[in-house]
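Participant: Using the sequences plus the hints, can you model the full thing?
Here is how the chains run, residue by residue.
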Amino acid sequence: MSAFVELTDVKKIYQMGEVQIKAANGINFAIEKGEFVVIVGPSGAGKTTVLNILGGMDTATSGQVMVDGVDIAGLKGKALTKYRREDIGFVFQFYNLVQNLTALENVELSLQICKNHLDAEAVLTEVGLADRKDNFPSQLSGGEQQRVSIARALAKNPKLLLCDEPTGALDYQTGKAVLKLLQQTCREKNMTVIVITHNSALTPMADRVIKIKNGQVSRTWVNEQPIPVEEIEW
Amino acid sequence: MLMSKGQWKDFFIEIKKSLSRYVSIMFMVALGTAFFIGLRSSEPDMQGSLDTYMDQVGYMNIRVLGTLGMTDADVEALRSVEGVTDARGMYTLDVLSDLGDSPKVIHVQSIAGRINQLQLDSGRLPELPDECVADRHLCEAFGLKLGDRITVYSGTDDPLEDSLAVDTFIITGIGISPDYLTGERGSANIGTGSITGFIAVEEGAFTTPAYTQVYVRADWLDRYNCFSDEYEAGIEELTGRIEAIAGQQCEIRYLDVTEEAREQLADARKELEDAKAEADEEFADAWEQILDGKEQIQSGWDEFNASKEEFDQGKAEYESGLKSYYENLVLIEDGERQIAEAKALLDEKEAELKAGQAQLDQGWAEYNEGKAQLDQAKVLMDSGEAQLALLSAAADAAEMAYGGASAALQVEKGQVAAEQAALDGQKAAMELLGQSWEDDPALVAQQDALNVRAENIRAREQELTSLKKAAEDANALYESSREQLEDGKAQYEAGVAELEKGKAELDAAQSQIDDGARQITEARAQLAEKEKELAAGKVALEDGKKQLDEAGITIEDGETQLEDGRKELESGEAELNDSIQEYEKAKADAMEQFADAEEELARAERKLAEMEKPEWYILDRNTIQSYVEYDLDGQKIGALADVFPLLFFFVAALVSLTTMTRMVEEQRTLIGTMKALGYSSVSIAAKYILYALSATLAGSLLGVLVGSKAIPWVVITAYGIMYTDMPVVITDIHAGYSVMATLMALGCTVGATWMACHRALTSQPAALMRPVAPAKGKRILLEHLPFIWKRMSFSVKSTLRNLFRYKKRLFMTLFGIGASMALLLVGYGVQDSLEIIVTRQYGTLWIYDTAVYLEDGDDKDLMAELDEYITENPMLMDWLDVNSTNMQAENEGVTKDITLLVPEKAEKMSGFVDLHHRVTGEHYEMDDHSAYVSEKLAEKLELQVGDTMVFKVDETQKYEATVGAIVENYMQYYVYMSPEAYEHTFDEEPEWNQRLINYAQGVEPDQTREEELAREFLELDSVISVVSSESMRETISTMLTALDYVVVILIGAAALLAFVVLYNLNNINITERKRELATIKLLGFYPGELAAYVYRENIILTALGIAVGLFLGTWLTTYVLNTVEIDMLMFGRGIDPMSYVMASLITAMFSVIVNIVMYFRLQKIDMIESLKSVE
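Protein chains in written order, with my numbering: chain A, -19 to 214; chain B, 26 to 1200.
Keep in mind that the hints were calculated from the coordinates and are not lab data. Just to be clear, a hint being listed does not mean it is correct.
[As the list claims (entries may be wrong)] Pairs of lysine to any residue, SDA-like flavour, derived with a Cα cap of 25 Å:
hint, chain 1, residue 1, chain 2, residue 2
1, A, K58, B, V821
2, A, K139, B, D1191
3, B, K368, B, A383
Quantities reported herein were computed from a predicted structural model and do not represent experimental measurements.
Facilitator: Shown next as structure tokens:
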């Protein structure tokens, strides 16, 4: 049986005048369903390119990207958008909430375009924000906003939860709490979670770690015994 | 130095980066200044264009008209007035010419040298009297070319030769005259009533003794714009100088004219006296002849009377002779008649005698016959007696026979009865024995024998009966015969007696007859004697008669002769009478003629004596209609500048405010850094102020150029449709307006920018450098209504919250779109209001089709002729005579020139002019005391129903009437009254001076037919002029089409406004919310959903903006109409619902177009943007 997510020789080449910039230069890895994956690497290594391609925001120049049996590298336009709205949940570094909508409404905003979604209030309760659901983003702290963001992604019941530096804008304790939430979600819901970060300290908590360097996967390994995030220090 | 080198560089990069923002400020400013300057300068530009044209053609500054015409001497005098460069006399005359299908009115004018120069399209000015320059419009309309000829003829009773030396002109040039700025050529009192075109000819073509007017030209006035006060002052000065010489010149002219007239009068008088003397002589001769004739006839009569007397005497004698003859004749005839009567009597008697003899003879014959009969009867009587004896014997014998037979039978009967009885006894015995007697043959035989015998008896009884009868018959016969005989005997005896008596009578008669016969014979002899005597008398009488007859013939001859003589005399007399009559008549005629001539002379003398000294009318250009109209039209456009540009400036200020606020917000960090680096607030603000300032200046420059050049050009060109003969278009840059507009624009944009910078600059640098706190989401009022709020989708919720989050933007958009919508509404509204004038005034108010002005409504003959013409023309159906009088109406110090219209029959009014209220539509019938006032007049004079209004005929004559109703009307000021109300008010009867006419049902004549009709009307003596409603309507419609261009300009401006505002709004929205939009896109919104997310705001704002525009536009339309409205005209009130719809649709369309453009920008948003950190 093939992997839930599998990238085969994915390349992304930007043509800048005469110069070719190879943001991804033959990336290969596979992820099993329900795994908590951390993709780690220094700035400019190609993490974001991987994220963009996996998230359906960008297309690969060549290679194959299989997600749950579908090659999304071959999708274009509307099909790609459909993939984004139904199969992917995003968690952003800067939360990207709509300022004009309350926490609950922000969750519901993404649900209204999704078929197979969960109940917004229930999800908000799960992330511990039942009391703050009627607050606007500006009335919430960073961690709370990120939880809303996670709730927004989870409520869609996606196949894949993509998190781009989810703790990047948060302080240490809050960051830990958010990561804990993500890990819990993965465990409890058997959700495939991919966290992209430059922080190598987070690798022990992952089921699988993929290290990227210079547009290629430099190393991947599986932690047989992932450590709960509370125990990690950085 | 205000800004460092780096700052300058930053400034330029900033502009480059935010070019669309920069350009929108520029455009808004350009729009505002362009409109302000454009509308403001249209007025001076139009005036300037006209002034330039006037200077170019050397248009007269003043024209002088004299009531007795102008002479060369006058021209000379005017020329020598100080300040006058030149003066030229000129002639004008309206004539007819057959062009096209019908006679057209041509205005012939002489060329006044260098004054009022014609503008030639082609050819040259005339050099000979039979050459002309023809009107461009005339040539275009009738296809005339250079070298063609125009033949004209007089339109009045005066022959053409009195005014023009030639009647055919060769076209040597084609062009226009500065006298006319429009295609209208004015009205005339001949032909169709309106001038079709002019031709300009050499002065020598005219034979009229005096000039119509003199053009005065003062070149030094060209220095001034002819609408300026300096020019007016110059004209006033010049007019004063001309007035100074006017008195003297008029005196000279007066003397000239009166002298000439006096001479003419003296000649005429002498001529009359001569004629009178001659006539007197002729009449005296004639009278003498008549007197001679009279004498002759008198002597003839004397002779005749003498002869007549003689004749009468002879005739009397003859007649008495004749009379005695007739008397004797009567006597003789009487005798003759007596004799005849006697003879007749004798004859009658004789006849009677003869008849008596005949009767007598017959009596004898009858007697003899009776005697014979009696004898015969005696014989018969004797034989009858014998027969009777025989009959008696026979009867006795029959009696006896019967008796015997009867006895024998009785015996037999007894025997038989006895034998039968015996037999019956035997029979009975046998019966007892039980035996049947039939078995005994004896008995049977016995019985049979008995039966035979009985039978026999019965037969004999019958015989006996017949015997008895025979005996009785015989006896009866005997008796009757005997009676007959007895009768015959008695008759016979009576007959014998009678016969005897008859015989005696006969004898007596015979003797009488014989006696008579003798007497008659004697009478006859006497008669014969008498007859002889009479015959002798008669012969003597006849002789006398013969003599008388001869005398009779002589008398008749004499009579005939006498009659002839009388006839001759009488005819002579009649002849004489005729001549006398003739003489009298001739004399009377002559006298009358003399009297007429005398009267005419007297009138001429009186006229001469009464002739007022001539007067000069010194008129300036303000009496040239199209010149004044052109100026007024310019002023109206100028007035519009008061409101339109304000709209644009206001929007420009709003746009600046929002964009600059946004810009300052975006650059908070930069401002903070600069501040931290130690730059002064002014230096930092300079960038933004300069940004707005430079955009504004650039916009102003563009606006000044477009506004000063393009808009006046469009306006003047648009008016050029009406002012076809105004070839000069000058568009100047008016520094004053340009500076004013630029300053206004700067005030708006720089002010707004300063407001935007102010807060940021007063903040601490640290605060500025912290990332911007995103504008907070806020609950809005609607959320407190959960039943509505909960039903909305999140995008709608977000949209609504967004709208209220950025109030400046909301305001800018609402106002911008509202203004755009308002402009469109103004465009359509103005069109509507103007169209209504035509459609309502000529469609539903003035229903009549044509109006003719009457020569004299009281002249029955003239009116009968007109009635007949209308009745016989199948095109025309009905008419209504009206009195149309111009006077003034006054109320509370306001005075207006009005037309008072009084129909002859108030009840017919509604078929020609409909009086009703504009709003309620209530129809009014005129009562006998009220005045019906047109709406705008009521408005101007502040009159209400029931108020008293004052009519002013002149300062001393004022009349009052009550306002009965206020009626819809768009053109001029009208007051309507019934004839009763007119009499009631003015205490006099109205005179009918106009006739309104309706065409027959379904008749819609074309222009040609209407012109023909007008010509036919004007041929009637009763008609002065004709005005067709349809032609008026068309004239006004054509004038109004010029306004379509204004609408086009307004639509263009509205579009620009809408684009700038909406583009700006979207631009800010997208740049500011890029992150949000990128996130949403990333979340998997389809492009359509993403666009809808943004568009919802635009749609709501556009809809709200349209709503704002409805109110703003309605107000603005009213303002514009009130500003532009002409005194005598009422524009339609209110905008057509379709116009609201159109304006809304067009505004919505602008919004759609901007949104379509925005769609592509939305598609370009990069999702990766959402992953970046906040700057």
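Participant: Determine for every hint whether it applies to the structure shown.
Facilitator: The hints, checked one at a time:
1. A:K58 with B:V821: holds (24 Å)
2. A:K139 with B:D1191: OK: K139 (chain A) and D1191 (chain B) at ~24 Å, within 25 Å.
3. B:K368 with B:A383: Holds: K368 (chain B) and A383 (chain B) sit about 23 Å apart, inside 25 Å.
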